[in-house]
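Undergrad: Since the structure of chain A is provided, determine the placement of chain B on it from the hints.
First to last, the protein sequences are chains A and B. With this note's numbering, the residue at position 34 of the first sequence is 26, and numbering never jumps. Add 253 to the 1-based position in the second sequence for this note's numbering, that's all there is to it.
None of these hints come from the bench; they were simulated from the model. Quick reminder that beta carbons are idealized off the backbone N, C-alpha and C, glycines included. Hints may contain errors.
[As the list claims (entries may be wrong)] Not everything, but these chain B residues come out facing chain A in the computed CB check (under 8 Å):
| id | residue |
| --- | --- |
| 1 | ARG302 |
| 2 | GLN324 |
| 3 | VAL325 |
| 4 | GLU327 |
| 5 | TYR335 |
| 6 | ALA396 |
| 7 | VAL400 |
[As the list claims (entries may be wrong)] Straight-line distance between alpha carbons at most 25 Å, and here's what the computed SDA-like set of lysine to any residue pairs gives:
| id | chain 1 | residue 1 | chain 2 | residue 2 |
| --- | --- | --- | --- | --- |
| 8 | B | LYS345 | A | THR5 |
| 9 | A | LYS146 | B | ILE388 |
| 10 | A | LYS138 | B | ILE291 |
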Amino acid sequence: MHSFGYRANALLTVAVTILALMCAIASLSDNFNSPTPSAQVQVLNINWFQKHQDGNDEISLTLNISANLQSLFTWNTKQVFVFLAAEYETPMNSLNQVSLWDGIIPAKEHAKFWIHTSNKYRFIDQGSNLRGKDFNLTLHWHVMPKTGKMFADKIVMSGYRLPQDYR
Amino acid sequence: MGFIKDAMQPAGSLRARPLLTQIITLEEDPLNLTQGDILFLHMNEDPIRAGDIVVFNIKGKTIPVVHRVIQVHEQQNNKEIYVLTKGDINKKDDRLGGIYGSGQLWLQRQHIMGRAIGFLPYEGWVTIVLTENPIVKYVLIGALSLVLITSKDRGAKQNSRLV
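Isolated chain A, as found in the complex:
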């Protein structure tokens, strides 16, 4: 009972158990954080409109995205993945979500930002529904922890509309 082998084994077991417990506690501590994020998006311009050969509409936009996600960061946060999606309904689809832009926020200092950008990913509809379409712009974020459960949330900004006619 007192050989080196037994002691080493006992030590290792306790160490691993404690490590697992610490990871669990670290992850649970994230539940005490009540974040207060804010965001605002302006559509500055619809750059162009295109109808593809297969009948799908595509548009290009220029956006001004500003947000303060600093309250999402805790000591157990590795990074925050943030993306902006256009969300709308069409006769064929009850929900369309198209990601227009995304970014990775590596640290709290970078979590308060504004950017002026055209859409990073193509805004292509499944069909020809983009003229005069009302849509929401939703800023989603996924908090990736150093250890434990990932969690996600969003801010929905509604009231955007695409023009009926394009030059």
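TA: Then chain B, alone, in the frame of chain A:
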């Protein structure tokens, strides 16, 4: 949740086994996971939405892929779903980047095996070492057997005292 470990190959993909936890053994991974992390997966009836990290299988390819959903088109009524995915650090989405099968434009419900919900860093290294160096496995088993064989039988000793 099941507990299964796979050896991985570079290029952002995993070898498939139909259970729920997988170890990343890549050097470079789009989700900023590093080699040796354990990723927890779960599948439920919640609808797939943009931002979810999903694990999916491509017909004809043996290796499932763990990427993020960037587009969702969900139909009225029959609720069929069309999903486009992309690795976070990839420039191209999976359709343009050649990850989907040729001619495949979308993922659908049946392709998606699970959703990532959390992860533990570094705990996967033991399995990686064991899988990539089978010698270590044999040595460990050999050593454990030796310990077992050479340990004294305490039960017998107690009994002999009572006599």
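Undergrad: Now look at each hint and say whether the structure bears it out.
TA: Here's how the hints hold up against the structure:
1. Among the interface hints, the one on ARG302/B holds; its C-beta lies about 7 Å from the nearest C-beta in chain A, closer than the 8 Å criterion.
2. The interface hint given for GLN324/B holds, since its Cβ lies 5 Å from the closest Cβ of chain A, which is under the 8 Å cut-off.
3. Annotation: VAL325/B was flagged as interfacial toward chain A, and the flag holds, the nearest CB pair being 4 Å apart, inside 8 Å.
4. Hint on GLU327/B holds. Least Cβ distance to chain A is approximately 4 Å, under the 8 Å limit.
5. Given hint, TYR335/B at the interface with chain A, holds; its Cβ is 7 Å from that chain's nearest Cβ, closer than 8 Å.
6. For ALA396/B, the shortest C-beta to C-beta distance to chain A is roughly 10 Å, which exceeds 8 Å, and the interface hint is violated.
7. Interface hint status for VAL400/B: upheld, as the beta-carbon distance to the closest one in chain A is roughly 7 Å, under 8 Å.
8. A threshold of 25 Å between alpha carbons decides the hint, and for LYS345/B with THR5/A the separation of about 45 Å lies outside it, so the pair is violated.
9. Between LYS146/A and ILE388/B the alpha-carbon distance is near 49 Å, which puts this suggested pair outside the 25 Å criterion.
10. Pair hint LYS138/A plus ILE291/B holds up; C-alpha atoms about 12 Å apart against a cutoff of 25 Å.
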